[in-house]
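Undergrad: Read off the chains here:
2 protein chains.
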Amino acid sequence: MLYLIGLGLGDCKDITIKGLEAIQRSEKVYLEAYTSILTVGQDELEKFYGKPLIQADRTFVEQECDTMLSEALTATVSFLVVGDPLGATTHSDLMIRAAQMGVKTQVIHNASIMNAVGCCGLQLYSFGETVSIVLWQENWRPTSYYDKIASNRKVGLHTLCLLDIKMKEQSWENLARGRKVFEPPRFMMVHEAAKQLIEILEIKEEEATSRESLAYSPESLAVGLARIGTENQKIVAGSLKQLTETKEILGGPLHSLILPSTSLHPLEWDMLSMFALDQEWFQENKKYYVK
Amino acid sequence: MLYLIGLGLGDCKDITIKGLEAIQRSEKVYLEAYTSILTVGQDELEKFYGKPLIQADRTFVEQECDTMLSEALTATVSFLVVGDPLGATTHSDLMIRAAQMGVKTQVIHNASIMNAVGCCGLQLYSFGETVSIVLWQENWRPTSYYDKIASNRKVGLHTLCLLDIKMKEQSWENLARGRKVFEPPRFMMVHEAAKQLIEILEIKEEEATSRESLAYSPESLAVGLARIGTENQKIVAGSLKQLTETKEILGGPLHSLILPSTSLHPLEWDMLSMFALDQEWFQENKKYYVK
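Residue numbers (this note's numbering), protein chains in the order written: chain A, 96 to 386; chain B, 96 to 386.
I should point out that these hints are in silico values taken from the structure, not numbers from a laboratory. Heads up, a few of these hints could be off.
Any copy, or any two copies together, can satisfy a pair, since identical chains are not distinguished.
[Claimed, not checked] Cross-link-like lysine-lysine pairs, in silico, BS3-like; alpha carbons within 27 Å at most:
(1) Lys-261 to Lys-381
(2) Lys-263 to Lys-342
(3) Lys-123 to Lys-386
(4) Lys-199 to Lys-329
(5) Lys-142 to Lys-299
(6) Lys-342 to Lys-199
(7) Lys-382 to Lys-142
(8) Lys-290 to Lys-342
(9) Lys-275 to Lys-386
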């Protein structure tokens, strides 16, 4: 039996009773450790569960998961994922492989950023496609998410932007030399994402037929979210430009950013105003968002 | 202090440790009882929490919540919501009102249909606007969700359709006479929703310039979901027409339905095939969805 268990977003105590009981019944417990993080480390989780955890990194999940699945044919095994276990394709892959091997699975769901984001006041119903914003590198500056944001805004939908997480990445040099030396984890912050979105705008401006045809502007309403679902979560709302100056205000990871649609429900606006970086800006801009 | 606590989707044990501890610290515990249901009743929850629960129906939450908020000014109060507490506008309203009254709040998140739906294998990232399908009445047959489905499919996004729940509704006669007599709860099922979506198609066909310009057809791929997040959940995938015949297969509430986009990731398709009503139909239709 393989349990896929969501750990939620905060600390040890965000697991469900059902999830905790499944862990305690398990002979082996794997911790998926590359798509997200909790506010507590592996030590603390092990202490809380009373079980040792085996780290499952990307290579393990994508290439070596048959070992774990074979174990689950005869033993009770748990696979722990921060948030909900089935947000990402990789874990669908695991479910399909399990079915092929005849392993019984049970998913124990939990909150993930995909639904907890409702805490900023924007209606979950009105979100369009979710985009992932990546940390630009010298020779790799993708802008493809611009089109998805544009497409969402065109039909009046909000865009949740998940910000890049780099866990156990190798430098080109170490990769080339086959050295298993990993770079320190790196988490993209709201101020970096906001800056990058404005830079993309400058690129797109040259291609666009008019300023008005652009998907957003530095003056567009945006929402910055830090550590959602934890006890010290922080939400800020203001212009994209204002969000470039939030490094100190928002603090540590994980961060996400939302580009809301240009047509908000009055309650969405009222709740966002509770997180305004600048109340005056909010007063002045209400007319563009609440019609 | 007011805790807004998500109960998740299944039974008593889907609450988080953090949520359970907050309930146990609370002097009063309200149960929001009209937007969704668990597989267990209030009695069982009370036994599990060791606390009496006060039912909060729609009227209470929308009109009388100041009583609860006043209590939360001086006492510890919990407000329990099936799924996650902040999926719907009504509860944003509660958060705003709490802030106005100076009541401290904390949200304890949990899984909701909005993220648990990932268990069918469709990528959460690729969902567009969520629609609510209502039970048609003799003189009220809205079709507005057709346009939202059309808009999602046009840009390659899946549509999650939440199906109508009628809790504590009054008949027109009882309402007119001011009698507080309520109809039995009524939950829309996948086969009813599928039938209704096909009926809408017949209406739209007259308006449309060509068959091809319609958002979907009776042969379009659709996914029926029952009791997601519970231990006896059931998922079926097939044509919308096939879904009209799933009354016995899917069983009791709650149900939801998905109209996927016409362009699926191969893994999405593979996982959906695990739930095929008719493997032959799946084989034949793969070419239209996985390009």
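Undergrad: Flag every earlier hint the structure violates by its number, smallest first.
TA: Going through the list in order, the structure violates hints 1, 3, 5, 7, 9 and respects the others.
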